[in-house]
Amino acid sequence: MARIDMQGIAHSYIANPSSDEDFALRQLDVRWLDGGAYSLLGPSGCGKTTLLNIISGLIQPSKGKVLFDGKDVTRQIPRERNIAQIFQFPVIYDTMTVFDNLAFPLRNRKIPEKEVRKKVGETAELLDLTSDLKRRASGLTADIKQIISLGRGLVRNDVSAILLDEPLTFIDPYVKWILRRRLKQIHEQFRLTMIFVTHDQTEALTFADQVVLLHNGHVLQQGTPEELFEKPAHTFVGYFIGNPGINLMPCKIEGSRALVEGASIPLPETLAKKASQASGRLQLGIRPEFCEPASENTEGSFQANVGKVQNLGDFQLVTARVGAEKFKAKISIGERISKGAQARFLFPENHVQIFENEKSL
Amino acid sequence: MTIHLENITKVVQGQTHIFETDLILEDGSFYVFLGVTLSGKTTLMRLIAGLERPTSGKVVIDGVDASRIPLQRRNIGMVNQEFINYPSYTVYDNIASPLRIKKLPKAEIDQKVREAAKTLHMGDFLNRMPNELSGGQQQRLALARALVKDTNLLLLDEPLINLDYKLREELREELTEIIGNRDMIVVYATTESLEALILGGNTVVLHEGKVLQSGPAQEVFHNPASVQVALTFNNPPMNILHAKIIEAGGKRQALLADGTEIFLNGYLKEVPEGDFKMGFRASQASVYKDDENDIPVEGVVDLAELSGSETFIHVLHQDVALVIHEKGTHAQQMGQGIRFYLKPQYLFAFDDEGKLIAAPPV
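Just so you know, the sequences run in chain order V and P.
Sequential numbering from 1 applies to the first sequence in this note's numbering.
Sequential numbering from 1001 applies to the second sequence in this note's numbering.
Bear in mind the hints are in silico, worked out from the structure with no lab data behind them.
Please note: incorrect hints may appear among the correct ones.
As the list claims (entries may be wrong) - Only pairs whose alpha carbons sit at most 27 Å apart, straight line, appear in this in silico DSSO-like list of lysine-lysine:
1) P/1210 / V/176
2) P/1327 / V/176
3) P/1327 / V/231
4) P/1118 / V/308
5) P/1327 / V/308
6) P/1166 / V/339
7) P/1058 / P/1210
8) P/1327 / V/339
9) P/1166 / V/326
The structure displayed is predicted, hence computed values, not measured ones.
Turn these sequences into a full structure, and let the hints guide you.
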């Protein structure tokens, strides 16, 4: 087990990079604490896999250092780093039994058979695989195969961290629930540093204590799921997290209020002050979850035109418009609201954010 | 066009892939095939498309047995999970290819290609090669090629599954608008219940080669015909508890395994005495009591998954795994006792075989 520090890491796949564009990762510092549950979240092509491969040693970074517990391992090859990696597809031997699959990494290291049996037995017990040990892996379902892949990492005493590269991609939604829960439990039991790479926000947020959001080779924000949801540091974080993402509308500041087309929205005092001093392009942001239906006499509410209303089971998703600006609101099922009507909405002060040139004020 | 699957079955090497199915697909309608992997969605689509023949029964298109219509004469568009485009053609030529096969005049091809490209936001990429496109753009291209043909039947087999989560969300929304007012039959296969709700239209719930239920999405969602439909059409799957109905002192009540009593009123009054299965959605249970009629139930926290905006609390109640979906963040200790509340106005009742007896009124 180890704390992993990445210092001033940048990476380019081009031999002589000339501009910023040539870098897949652009100058980043991340600390992964020992025993933490992390998610590395971002869209395709954001640099997630590059970052993961730098940790495991499959890639040597163009710039910067990787430290395990303070020790520089930047030039070490993957085997010396003792990282276990799980991929989209389970990497196990179909012709072997579950026992032999779990034993494989230990036998490879020439560990005495008695010790192998003990370790495999213990790991299987913790992973609920004991009754499957004698079965051939070929007949097992994809989710159990992924647990076995994980077991092959956990069976080693000395593993520094476990990297999971989109391990749920090819698992059915129904089973995803079960496997996600298992992964989380395994983390609680083993308390190993686990880094879960995904483009799926639900997977990322439910697994991690800390989420690192990567975009265009930059870390845009690192924090708890709650922080990323409630206070996105960048419009992209607001857009990428949440389903649908944050509403963003160009705005002007007048006194302690933000003007979006015809609507005048009250701001908390400190935010209004910061926003009035800003010189960049301003956008008001609010999550669909926080938009509330309001009445005539609700202080700070405004009128909007209701477009689409979708009943999505747990809530209604309402698309509304002020002037040319569209926003979405998640409204509870009981609330009566209909397409084509005019309705009043409230953006509660404490949930309104102002972004200047895409960055949160 | 109307397609009627008349009591078709499909058996492959002694294994039944599709059990006897009777289904009518009507012009201008949208159908979502909802089911887990291997539930029969793709096989059913291939049977509809004529790529496979049924073992028994027949596929009838506008009154004509489809086996008599050659495949190339059927006007069908199909988009799969994988992005299938011609790698050596530009985006323009990819979209134009089905029209060139039909030998349409050049000017008409040009107009249609540009129209389809515009609908799918591909107008700026007409000269690019497929490998210069992102995954989302490649799948849009495949869609453009299917749409440009003006087909009577469009089959979409989990077209978004290989895309990034966010792209999926965006393309899904676009799809409802692109397909919304076209004069054709659209069939869309998915494993995700939320997708079926967002897309709307008709939902056909499949499980192990059987059509369990079909009808307008909201109707099926609110009145799942069986426990299996309720499990498939909810994410997380609907919670199911065993219960017994007893008559005590002239009052009808349900008794849970741990002795919890629930008095039955309204729509639940007619549930007959004896064993039954009680269902409730994850979002219809809470760790907070917010109504005096809410029923307290005890359990043990298995795990809490926090997502920043919502929390999924996994609870063990008498060894049955349940999920409670709360808004906001609610940290819970593993292994700790927890009291949660059921809302009697939102309970579903299924009989011992799993058939729906009563659903909460909408």
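Which numbered hints turn out to be false for this structure?
none
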